[in-house]
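Number of protein chains: 2
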Amino acid sequence: MNPADNADTTSSPRQREREEVLAKARAAKAAARTIAQATTDTKNEVLLAAADALVARSEELLEANARDIAAGRDAGMSESLIDRLALDADRIAGIAGGLRQVAALPDPVGDVTGGKTLPNGIRMRQVRVPLGVMGMVYEARPNVTVDAFGLALKSGNVALLRGSRSARNSNTALVGVLQDILAQQGLPREAVQLLPCETHDSVQDLITARGLVDLVIPRGGAGLIEAVVTGATVPAIETGTGNCHVYIDGAVDLEQAIAIAINGKTRRPSVCNATETVLLDVAIPDADKLRVVEALQQAGVRIHGDVDVLAAFGVTDVEPATDADWSDEYLSMDIAVGVVDGVDGAVEHIARWSSGHTDAIVTTSIRAAEAFVAGVDSAAVMVNASTAFTDGEQYGFGAEIGISTQKLHARGPMALPELTTTKWVLTGDGQTRP
Amino acid sequence: MNPADNADTTSSPRQREREEVLAKARAAKAAARTIAQATTDTKNEVLLAAADALVARSEELLEANARDIAAGRDAGMSESLIDRLALDADRIAGIAGGLRQVAALPDPVGDVTGGKTLPNGIRMRQVRVPLGVMGMVYEARPNVTVDAFGLALKSGNVALLRGSRSARNSNTALVGVLQDILAQQGLPREAVQLLPCETHDSVQDLITARGLVDLVIPRGGAGLIEAVVTGATVPAIETGTGNCHVYIDGAVDLEQAIAIAINGKTRRPSVCNATETVLLDVAIPDADKLRVVEALQQAGVRIHGDVDVLAAFGVTDVEPATDADWSDEYLSMDIAVGVVDGVDGAVEHIARWSSGHTDAIVTTSIRAAEAFVAGVDSAAVMVNASTAFTDGEQYGFGAEIGISTQKLHARGPMALPELTTTKWVLTGDGQTRP
Chain A
1 MNPADNADTT SSPRQREREE VLAKARAAKA AARTIAQATT DTKNEVLLAA ADALVARSEE
61 LLEANARDIA AGRDAGMSES LIDRLALDAD RIAGIAGGLR QVAALPDPVG DVTGGKTLPN
121 GIRMRQVRVP LGVMGMVYEA RPNVTVDAFG LALKSGNVAL LRGSRSARNS NTALVGVLQD
181 ILAQQGLPRE AVQLLPCETH DSVQDLITAR GLVDLVIPRG GAGLIEAVVT GATVPAIETG
241 TGNCHVYIDG AVDLEQAIAI AINGKTRRPS VCNATETVLL DVAIPDADKL RVVEALQQAG
301 VRIHGDVDVL AAFGVTDVEP ATDADWSDEY LSMDIAVGVV DGVDGAVEHI ARWSSGHTDA
361 IVTTSIRAAE AFVAGVDSAA VMVNASTAFT DGEQYGFGAE IGISTQKLHA RGPMALPELT
421 TTKWVLTGDG QTRP
Chain B
1 MNPADNADTT SSPRQREREE VLAKARAAKA AARTIAQATT DTKNEVLLAA ADALVARSEE
61 LLEANARDIA AGRDAGMSES LIDRLALDAD RIAGIAGGLR QVAALPDPVG DVTGGKTLPN
121 GIRMRQVRVP LGVMGMVYEA RPNVTVDAFG LALKSGNVAL LRGSRSARNS NTALVGVLQD
181 ILAQQGLPRE AVQLLPCETH DSVQDLITAR GLVDLVIPRG GAGLIEAVVT GATVPAIETG
241 TGNCHVYIDG AVDLEQAIAI AINGKTRRPS VCNATETVLL DVAIPDADKL RVVEALQQAG
301 VRIHGDVDVL AAFGVTDVEP ATDADWSDEY LSMDIAVGVV DGVDGAVEHI ARWSSGHTDA
361 IVTTSIRAAE AFVAGVDSAA VMVNASTAFT DGEQYGFGAE IGISTQKLHA RGPMALPELT
421 TTKWVLTGDG QTRP
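If you read the sequences in order, they're chains A and B.
So for the first sequence, full-length UniProt numbering puts the first residue at 1; every next one is plus one.
So for the second sequence, full-length UniProt numbering puts the first residue at 1; every next one is plus one.
Same shape as in the complex, but just chain A:
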C-alpha cells in the first residue's frame, strides 16, 4: 500500500504533517529490511561517494544554508546560534571527512558476540544485527544530519531525522545529496529521510510511532532531551547532560589536581564533559584549598559556593550558590566549589547532584580511589584524569552519536556497536523439547 493512499484531502495542516511523519516512518521500516542486509562494502561505497558528493555539490549546500542564515537573522537569532547553523567550505569538508572516517570503522553487523552448543546438540550463536529505524531529534547544527546518516547506515540502520526548523533548507539540501547517492548505489532513498518541522508536534508523532521506530535519540539541550525521553512510547536513549564533578582528596598531588580542574573547566566550557563542580576534601590544608580556588580564578573562572564556607579559608570573590548551582550545567566559565568530608562526603554529594555523566577523583591514596570508583554510579569515573576525556574519539571509538547518561542498552559514548541489537540463532537437526 502506498502510504499516500491514506492522505485525506480535507485534513488540516496538522493532520497532514502527522500523516507525513507516519508515511515516512512506514517507508523507513520498509527500507530498513534492505539496508540491514547491505554488505559492508556496499555501505562503505555509499559513505565515500556521499562524502565526495557533498564536496562536489558545496555550492547548492551553501546557497540553501545562506537562506537559513538570512531567515535566522530576520528572526533575530543570536550570533552564537547563527554560528552553529553556518556552513562554509571548511565545514563541508569536515562533514565529508566524518563520513570517510565512518567508512574506515569496522562494521559491527554480523559480529558473533557469543555462542555455544547446548547439551541437546543445538548450536547457538548471538549475532549483532541492526536496530532498524533510528529517529533523531536535534537542534540547529546541520552536521548532525550527515553524522547521523553515516553512523546509522554503517550500522545497517535507516535514519529518520527531525532537525530544527531553523536549518530546514540546509537539511533538505544535505538529505537530497545523500538520497541521490543511495539511489545511484541501488539502495532505497528512504534510508535517510527528513521529517517535517513546521510544528513541535511532529516530534511527538515520531516518538510515539510504535511498531515503526526502533530507537529515538534526542541531541540538544536539557529541555529537548527531557521532552523526548518522557514523551516517547518508542525506546529512547537519554544523552548528554553533564554535571561533572572533580573531587580533590586530602591525599593529593595538588599541582596535578589544579591542572585537572582547570583543564576540565576551561578547555571547552560549553560541552557536556566540562567540569562543573570542584569538591575539596575538608582535610586539605586551608592554604592549599585557597590555592586551588585562586588558580581557577586566575584561569578566568567565576567561583560559586557557600560564601561562609569559602570565606573560612580566605576566598572572597564568591557568588552565593543555590540548589541550581549544584544541580545544573553552567556550560560557561563558572564553577561551583564545595567542601566535603572525605571520599564518603564526595560520594554523597555526587549521588545527590550528579547527572551521572563523568565524575573524577584526584588522589594519591589507593584506598580513596577504590572507594570513589565503587561508590560513584556514573557512566564514567575518572581517577587522576580530566573529565574532558569522556568522548567517543578519546575512547578510541572513532565516532559517536551521543553520550548516554542512562543505564539501559548503552552507557557513555555511543558508537557503532551501540546502534545495533543482537539476535539468537539456534541451529538444530530436528530437536524438540521434552
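These are calculated hints, taken from the structure and not from any lab test.
Glycine included, every Cβ here is placed at the ideal spot set by N, Cα and C.
A portion of the hints provided could be inaccurate.
[Stated by the list, open to error] If you anchor each label on the Cβ, the simulated ranges turn out as follows:
(1) B:N120 x A:S327: 29 to 35 angstroms
(2) A:T117 x B:P434: 47 to 53 angstroms
(3) B:T42 x A:E198: 41 to 47 angstroms
(4) A:D328 x B:S80: 35 to 41 angstroms
(5) A:L254 x B:G115: 25 to 31 angstroms
(6) B:P434 x A:A222: 25 to 31 angstroms
(7) A:D317 x B:N120: 31 to 37 angstroms
[Claimed, not checked] Where chain B lies over chain A, by a calculated footprint (3+ residues, C-beta under 8 angstroms):
(8) 127-136
(9) 147-159
(10) 406-419
Place chain B on chain A using the hints.
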C-alpha cells in the same frame, strides 16, 4: 529527610497511596547503594538463608495464601487463576529451590567486559555494575515475588514489587520473610519492598518515578505489558508476547517438520514460546501439506486459516481466520495455517505479523536456512528446532526474569547479566586533554 515528612494528613487515600509508592522508591534508592556493594558471598548467604526460611515458615505463608484464595473464590475468580495463585508445600519448596539455584549462578557484578590503554597512557576498563532499583509489575503468581527478589539481589539490585491485589496476603507474607533474612544478614530490609495495590494508579506511580527507578519490567498479559511500556517514563523492557511461527520449506524432512510443529504447539500451549502459526511453502506437494495439517489435528490441534486455500489441498475442518488469527497468541490448542511462496513469502508474512519473539524454519536447504536467518528480525531464529527452546533454562542461563521482545538492552531471555549496566573506569596519572 524522612519521606514520611512529606505525608499530608489531610490527603485522600489516592494521594496517600502515591506518597507510599514514592517513599518506598526513595528508600529503595538509598538501599541500592548498599546492595550494589554487597559481596557475592554476602548475597549468596542471604539467598540460601531465605530459601531455608521460606520452607521453615511455610505454615504462615500457606495461611496467608489461603486468605487470598478464599477472597478469590468469593470474588468468583476462575479455577485456572486460583491455581496460579495457590501455594502448597511442594510449590514453596520449588520457590526455595529457585533461590538456591540463583545462589549457585555466577555473579555478574564486577565483571570486566572490556578495556584498553589509551595512547596517552590512561587505562580504561568497562565494569559491570548493578542497575539500581528494579520495578516489577506482575499478575497473580506469588512465585514471581521471590524469583524477582532473588535475581535482583544476586545482580546487586533492589526490587520494588507491584504484585496483583489478588495475591496481596501471600506477597506480604513472602516479602516479610525475605526482609527478616536481609535484616539478619545486616542488609537493609528495603532491598525488597511490596508496593500498594489498592488501585491501578499505583502502577502509574511506579513507572513514572523518574530519578528513583532504573528499570521497570512488566510480566503478564499483553494488556499489562502494553500499558506499562507506553505509560512508563522510566526505562522499561517489553517482555513476553510470543506469536511464534514455524515455516516449513519445500526442501524438507517432512517427519522432522511435523515433529517440530506439534512440539511447538502442544508441549505447553499457554507459554510465550508456543508455536501459533505454521506456514507451508506452496512448493510442498499437496499430499504432504495435508499430512502436516492432519498430524496437527490428530494431536488435538484446531486449525484456523483461509478456508479456500486449505480446502485446495484437502483440509476440511477449518475455522476461518481473521487478522487476529495471524497477529495474536492463541495460548491454546489452536493454530493458524497459511501457505506462502517460499522463504521470501515466509519472511514477508513474519515481518508483518510476528511479535519478534521466536520464529523457526524447517528445511534441508542451506540457502533457505540462511535467507530465513538473515531475513527474520526476531529475538530468536530457529533452524530445524522447536520454538519451545527459547527459554533461559534451555539457553543455559540458569534462570530468567522474562523474555525481552524489544531490541534495546536485552533481546531474548533476560538473565543476571541483563539486570546490570556498565560503567567506564579511567585511571590516569594526571592526564589533561589538549
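To see whether the hints hold, each was checked on the structure:
no.	hint	verdict
1	B:N120 x A:S327: 29 to 35 angstroms	31 angstroms, holds
2	A:T117 x B:P434: 47 to 53 angstroms	50 angstroms, holds
3	B:T42 x A:E198: 41 to 47 angstroms	58 angstroms, violated
4	A:D328 x B:S80: 35 to 41 angstroms	54 angstroms, violated
5	A:L254 x B:G115: 25 to 31 angstroms	29 angstroms, holds
6	B:P434 x A:A222: 25 to 31 angstroms	28 angstroms, holds
7	A:D317 x B:N120: 31 to 37 angstroms	34 angstroms, holds
8	127-136	holds (count 3)
9	147-159	violated (count 0)
10	406-419	holds (count 6)
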